[in-house]
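Chains as they are written, first to last, in this note's numbering: chain Y, 1 to 140; chain U, 1 to 140.
There may be inaccurate statements among the hints.
One copy or any two copies: either way a pair holds, since identical chains are not told apart in the list.
Stated by the list, open to error - Listed next, the in silico DSBU-like pairs over lysine-lysine satisfying Cα-Cα at most 35 Å (straight line):
id, residue 1, residue 2
1, K80, K105
2, K54, K105
3, K73, K105
4, K54, K73
Calculated directly from the structure, the hints in this document are not laboratory data.
Protein chains: 2
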Amino acid sequence: MSMADNQFTLRPIGFVRSELRNRHDAPRQGSDGAPNAWIEIDPSLLQAIQGVAKNDQIILITYLHESHRDVLKVHPRGDKNNPLRGVFATRSPDRPNPLGLHRVKVLEIDGCRLHVGPLEAIDGTPIIDIKPVLAESRDW
Amino acid sequence: MSMADNQFTLRPIGFVRSELRNRHDAPRQGSDGAPNAWIEIDPSLLQAIQGVAKNDQIILITYLHESHRDVLKVHPRGDKNNPLRGVFATRSPDRPNPLGLHRVKVLEIDGCRLHVGPLEAIDGTPIIDIKPVLAESRDW
Numbered sequence: 001m002s003m004a005d006n007q008f009t010l011r012p013i014g015f016v017r018s019e020l021r022n023r024h025d026a027p028r029q030g031s032d033g034a035p036n037a038w039i040e041i042d043p044s045l046l047q048a049i050q051g052v053a054k055n056d057q058i059i060l061i062t063y064l065h066e067s068h069r070d071v072l073k074v075h076p077r078g079d080k081n082n083p084l085r086g087v088f089a090t091r092s093p094d095r096p097n098p099l100g101l102h103r104v105k106v107l108e109i110d111g112c113r114l115h116v117g118p119l120e121a122i123d124g125t126p127i128i129d130i131k132p133v134l135a136e137s138r139d140w
Numbered sequence: 001m002s003m004a005d006n007q008f009t010l011r012p013i014g015f016v017r018s019e020l021r022n023r024h025d026a027p028r029q030g031s032d033g034a035p036n037a038w039i040e041i042d043p044s045l046l047q048a049i050q051g052v053a054k055n056d057q058i059i060l061i062t063y064l065h066e067s068h069r070d071v072l073k074v075h076p077r078g079d080k081n082n083p084l085r086g087v088f089a090t091r092s093p094d095r096p097n098p099l100g101l102h103r104v105k106v107l108e109i110d111g112c113r114l115h116v117g118p119l120e121a122i123d124g125t126p127i128i129d130i131k132p133v134l135a136e137s138r139d140w
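From just these sequences and the hints, can you work out the full model?
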């Protein structure tokens, strides 16, 4: 089967509402001093967040809508002193399928709105999925 | 903006080649006794894996192509004794955007093929993205 025979359509389950307005102002990672932010979940999906609780650690998967999908190598952290490296060996937002992974803490829940942080994604970033960090592993 | 105004198309960057042939035989998580598996990356993306090395811990994002996208609540781990819970508070493969997250170790690299494990994804599962576990955090 050719790799090109398949494609998949994703739809946002919600959006990021943040004081971060553009990607060039955004920290590279949440741990780089990112602010807290609200995420607004589609009201039709309210049932799907039942069980998410204050103080949980969760993983957000976002679609980094301002990314360049034709980039295969980058200078890590945008620093030209760092040798070019394949995007799959970096967290560059520029990559064939520009998904972002963000581990955040749930600070507050207000209906379909979750206050979380720290989050380096910019205002308006579509959210694709939310997953719990697994209890049996520190890693997720 | 309505949530329905947006949609995004993802294309596989590769596929899982595994002895696991169907989702009902697959462990729920890699840590539940999953086998090692090969992942075959699209040869046109060879540059994008430069820098991925043997013994690295990496995160695979897969598209769980046999999932049901209209499911909002599940019994965790498929056990009816567990109360129904929103899918975003579980790792259920059934969810609006059925993406899988898998942390695996790179065991061997042979051109565009990576031997990794343990991996609970079944044979033929499309791979959407590969990210490094970040050195500054045990969590990624």
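Verification of the supplied hints:
no., hint, verdict
1, K80 x K105, "both (33 Å within a copy, 29 Å between copies)"
2, K54 x K105, "both (8 Å within a copy, 32 Å between copies)"
3, K73 x K105, "both (31 Å within a copy, 22 Å between copies)"
4, K54 x K73, "between (39 Å within a copy, 19 Å between copies)"
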